[in-house]
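With the sequences and hints as input, model every part of the structure.
Chains as they are written, first to last, in my numbering: chain A, 1 to 228; chain B, 229 to 727.
Everything labelled a hint here was simulated from the structure, so no lab data went into it. Glycine residues also receive a C-beta, built at the ideal position from the N, C-alpha and C atoms. Don't take every hint at face value.
[Said to hold, decoys possible] As a list, the in silico DSSO-like pairs of lysine-lysine whose alpha-carbon atoms are at most 30 Å apart:
no., chain 1, residue 1, chain 2, residue 2
1, B, K580, A, K57
2, A, K57, B, K586
3, B, K727, B, K694
4, B, K550, A, K24
5, A, K57, B, K584
6, A, K124, A, K69
[Said to hold, decoys possible] Not close to chain A: a few residues of chain B, all C-beta gaps over 12 Å, as computed:
no., residue
7, I282
8, N304
9, S367
10, N434
11, V495
12, V498
13, I499
14, Q500
15, G525
16, N542
17, F564
18, D611
19, D711
20, I722
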Amino acid sequence: MKKILIKCLLLVVLFQIEVVAEEKNYHKELITDWSRIFPDKNRNAAGPKFFKYIIDKENTYKDFIEYNKLFCAVSGSLIDPDSDSEFLFVKESKSNSKICGNYYRCCVPCSCDVMKYSEVQKMKYKFTDGLKEFYVITIKNPCNKTDFPNRVNKNYFCNGKKINSNQVYNLDNRIVIGLLHNGRLCKKDDINLVKSHQITGQYCELRNNTPLEKLDAGMGDIFIKLAR
Amino acid sequence: MEKKMETELGKSKILLQKMLIKKVNYLKKILITSFLILPINNSSAEFFRDLSNIIEFNETRLSYGVSVTDINMDGNFEFIVTGFGYPNLALTYIDGKLKNIAQDEIFIDQFRKTIGVAACDIDKDGYEEIYFLNTDTYSGTKKYSDRLIDKKDDYYFDLFEIEKNKESLNLTAGRSVVCVDRKGTGEYGIYVANYGGPTRFYEFENFKIIDKAGYLNLRNVTGGRAVVSGHILTDRADIFAANERGANFLLKNNNGNFEDVAFDYRVDDVIQNGRGTALSDIYYRGRLDILSGNWLGYHRAYVLENNKFKDIGNKDFDKPSKIRTIISADFDNDGFDEVFMNNIAEPNKLFKITEKGKFEEIKLKTALETEGFGTGAAVADIDNDGILELLVSRGESKAQSLTLYKANVEKQSKFLRIKPINKFGAPARGATVTLISNKRKHSKTIDAGSGYLCQMEPVAHYGIRKNEKNFKVEVKWTNGKIDFIDKIKLNQTITINQK
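Shown next as structure tokens:
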């Protein structure tokens, strides 16, 4: 009986602590700091700026995961809290294997663009609560491009022909644009699921076979020009 | 054998009883502990009572901004209520009723669409001119200009209708207006938060209305929404403008000129849409901080720490809503300010700011206005009983009547009201009053314009806390100079005149 009562009391205390402690509002923080992340107010294809801002913060791994659910790596848009993710696969740079995971996007074309024009890489990082390994979405160094999209702020990405590591995260000379959540090697069923899905299957096939000049949904051709 | 059994049974009974007593004791302890740990809930008694029935001829209409000024110079304030295609009203308290005393055509101005209003003495005659901001379009160029109402004898006239002032007409859609004594001389200017066109800053110079926005580095184009002025950063009148589709402005007064420091002070909030704003001493530390309500965005409670504003609004306070006016005032005279959030087509909200700047929600029933289309609100002690009245105007997409509320206060509650008057005999809007006692150092602005489209009474109203004593009042005038009031008796309005 005594044990039960102590447990009850503990529950009450824990409940109260939860009530008293303010939950971290990741979305509000990104909104507050938006003008610091994008000083020139241009967030076109600037997911890498978000990623760099987040990884530079003093985060726990949980913080890192939660922040990375709130922006679209392709468009640079903020995403509403509690938005759903897309289950998709992206090619891993080193192995060419398909890595499956969840991608948080602002609109469906971005899922297609990330599948076609980006790759994933394993990254290790030490957070305040320890070293973790995860899959990040990357694009190749765009700084040599002659057709660098003029609606993207090149200074965010490049320092001459090199990646600007002060502004974006450079992983093996590729730019990290975001996090692939719950990344893992795809199983056969996963691939079937992605390919048969209305968005990642049918819609993406249509989008990814549309000539660049005819793309008007999502970021249009901005991200593609940057990442291809 | 039977006896033995009885004895055994008796023992079991006693044991059972002991166990029950123990159990009850444990439960008692749990209950007491839980009670101690549980957050102190606000009184279950209803916070407001509805006094709307005292408003005479309270018809449904489209109302917007509300200001509080003394239009007939009888020593009592009137609520000035704007009408959007409806008459502008001047509601005064007579014989237990709120009666409209506006009669002049130019004041009533039924056919213009007035939304913003603020009053202040721009010509140093002690009478507060009234700026009515008219808007007949959402953004950009509008058809009908604003009015700046003055009074001579018993005759009201529009300063903008005088030929020499016509070149300065504001023909841009706008929202809020605020009075700014930028030089600290008692010569008020009027900041007009325009929408889709340049900001205006009017001053009365050589008997002429002049737009000085360009000269003062204020001629910005934005989606102007709400604006406040007071001692935010300096000892002069600074300005905070909450904007839509663009960064907020925090205009630091530098010898009468302005510099936008919103980014440096972290109040630019560039991707949110400002709506209602007010100055409030959130920490009760003797300085004015900023409340900023964002339309369907996070509401902010900005407190200055190490030359940056930090948002300390908790998750109840910052929850996005369709906010319009935001008011900080002590409605229930308990010595702690409440924050009233007037939402449109959504329930209103009320918070109490407790000792450490914590926002505790007070659940409303009266004044909730779930289906109310709130467009503006203002506070004043309109009946001079030491308790604030809250007038809520409504309209926009549905014609609705005005509503009036007053808090249910404890019988033994006390108050103190400080009314600073500047050297020209006008309310010293933009001055800061600080009540210093054994319990707090609590600053309040003499409202120059706040909320959304609105302006509060030019009085610092304080409820008195339990066991509070050793009162002293500091008045910082718009020129930064300070006067003190020492011998203070409670339950009165003290008028202090600038020397």
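Going down the list of hints, with the structure as the test:
no., hint, in the structure
1, B:K580 with A:K57, "33 Å, violated"
2, A:K57 with B:K586, "26 Å, holds"
3, B:K727 with B:K694, "34 Å, violated"
4, B:K550 with A:K24, "23 Å, holds"
5, A:K57 with B:K584, "27 Å, holds"
6, A:K124 with A:K69, "19 Å, holds"
7, I282, "40 Å, holds"
8, N304, "44 Å, holds"
9, S367, "20 Å, holds"
10, N434, "41 Å, holds"
11, V495, "10 Å, violated"
12, V498, "4 Å, violated"
13, I499, "5 Å, violated"
14, Q500, "6 Å, violated"
15, G525, "7 Å, violated"
16, N542, "6 Å, violated"
17, F564, "19 Å, holds"
18, D611, "40 Å, holds"
19, D711, "38 Å, holds"
20, I722, "39 Å, holds"
The structure shown violates the earlier hints numbered 1, 3, 11, 12, 13, 14, 15, 16.
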